[in-house]
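Engineer: Residue numbers (this note's numbering), protein chains in the order written: chain A, 34 to 211; chain B, 416 to 792.
Hints are supplied without guarantee of correctness; some may be wrong.
Restricting the straight-line Cα-Cα distance to at most 30 Å, the calculated cross-link-like pairs of lysine-lysine (DSSO-like) are [said to hold, decoys possible]:
{"#": "1", "chain 1": "B", "residue 1": "753", "chain 2": "A", "residue 2": "190"}
{"#": "2", "chain 1": "A", "residue 1": "190", "chain 2": "B", "residue 2": "471"}
{"#": "3", "chain 1": "B", "residue 1": "715", "chain 2": "A", "residue 2": "77"}
{"#": "4", "chain 1": "B", "residue 1": "544", "chain 2": "A", "residue 2": "77"}
{"#": "5", "chain 1": "A", "residue 1": "77", "chain 2": "A", "residue 2": "169"}
{"#": "6", "chain 1": "A", "residue 1": "169", "chain 2": "A", "residue 2": "190"}
By construction, these hints were calculated from the structure, which means they are not laboratory data. Since the structure is predicted, the reported quantities are computational estimates derived from the model, not experimental observations.
Here are the chains, one letter per residue:
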Amino acid sequence: MTRIVFDTTALSHFSRAERLNSLHEITADDECVLLAEVLAELVKGVAVYPSLGMISAESWLQRAALNELDELAAFAKYKGELGGGPERNNGEAAVLAWASANGGMAIIDEEVGRNIGARDGLQVHGSLWLVIRSFKSNVLDRATAEHIVDDLIGTGKRLPVSNGADLFTWAYRAGVLP
Amino acid sequence: MCDNRTMGGSGVGGQADLGQRIAEAREASGATQAELAAGVGLERTALVKIEAGTRKISATELVALAHALSRPVDWFFSESPTAVVSRRRDPAVGGFSRRLDLALEPAARDVAYLADRRILTYSGRATRKVPESFDDAENLAGSVRAEVGQPAGPLLDLQSVSEGLGLLGFSVALGPDAGDAAYVEVGDIGVAVVNGTTDPGRRRFSLAHELGHHLVGDAYEPTPRIWAGDTERMFNAFAAYFLMPRAAVQNIWDEFSGQSTRLAAIAVAVRFSVSWTAACNQLRNVGLIDTRQRELLLEKDLRRGELLEFGERFTVELEPPAVPPEYARAVLGAYRSKQITPARTVELLHGTVAESELPELEGISLEDLLGEFETGT
């Protein structure tokens, strides 16, 4: 079991793609964490994407907040690095802070956040990694996994592939899959 | 008068330290607890407890407080990078405004961050002896002029020249009564904030003055101190000779011989891009006019119409907001290599570009993902 803390973008796109059930399925063996700062960003998006309102009802996403001083100090450091004033990048800073203070895995799709996490030795992965992992561990068949990627792309999510099939073709060719 | 703040040992102290830091920032801002609490949507009693260290604070509340207090969020958990070594101001203005310090601290913090990450790299500087006489100051100015390959004539783009000497000069509009400039050292790098609200000529003079501080390495003094009195006058002399070398002033004087003293003084101000006061002072310093003549010139301010009549363009520099050019390039390099976010890039560039004006970057590639798969399952 891994503790996984999600950034806003990943949850937002799974939700808008109506794939929260799939996300639950592919993380069923993990302890999934939804931070207050991430939820706050999702709530702000409800006016544009009403489906984001559903996320708070997902009981498998355990609510957490940065309560301890070391978590808050890590948050301040990452927030300082990410910038964005009072409104932006708070969720991402909170995710990095939580992972740095508590261990576990951060799911972040923004490259700068990923680079900063990797620089600090945090375990940072993206949405596509989760999908491939679920296929590798036989949680999903290939067709379902490809569909999830297609649906994510359908929400306008910026991914390095144009469809799910391409991801798998690449994964086999690059040796990511055996 | 040194502004040397520390906080509970290294890095994070206790909840009480954090509360104290919030109280410190609030007091510096002049806000009461009630005013600050109302501004961030907290009960006053909650803020009282936060400042006393008896109530925990959420990340969201911390961000709101930082914003309301105009402090970087990480300020509340870290020491100031360094003590302010120099503040320059108009003697007519009573006391130093905290606004200069408040602008200098984040700039120094940014530079320290970028240097730590090797995003900014400047070669170490050779430090010079503190000038102890006007001759020393003039000689120092002359040798530095030679070093930058511009021994004579007007020295334009002072921000760039200073950066070449390891002094990053930022221009920030701080209002008319906030002082002229302040300087700190961050390792070997100097950071100066010039009050961009002051006149263009004055801004250049202020930066040249701080360059003097930078070149002699104030921080190598046993205790950082605020220079005062005679020593400050030496740095003003350095600035004057650095911007207006004696021989170049003499050349202008000769060129306008037979015409009015005022016209020669206008030529000095315009060609060296300095204030009317600085031009008149320098004519006296080099002995071309006496004190009485200087006073007569200064009795009448230089009028805009006189500048137009003179017909040569006064080069405006350090128009706020302004950041040094190589610093800007380094920040954009970090943006391009995705070490910093677009939002942070704009902050580091002091809003000189908008996010929509940043170069468009390629999205993440599959090759970029490979490392993640190798280290994963």
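Engineer: Each hint should be assessed against the structure and marked as holding or not.
Structural biologist: Results for each hint:
no. : hint            : verdict
1   : 753/B <-> 190/A : 19 Å, holds
2   : 190/A <-> 471/B : 37 Å, violated
3   : 715/B <-> 77/A  : 59 Å, violated
4   : 544/B <-> 77/A  : 58 Å, violated
5   : 77/A <-> 169/A  : 35 Å, violated
6   : 169/A <-> 190/A : 23 Å, holds
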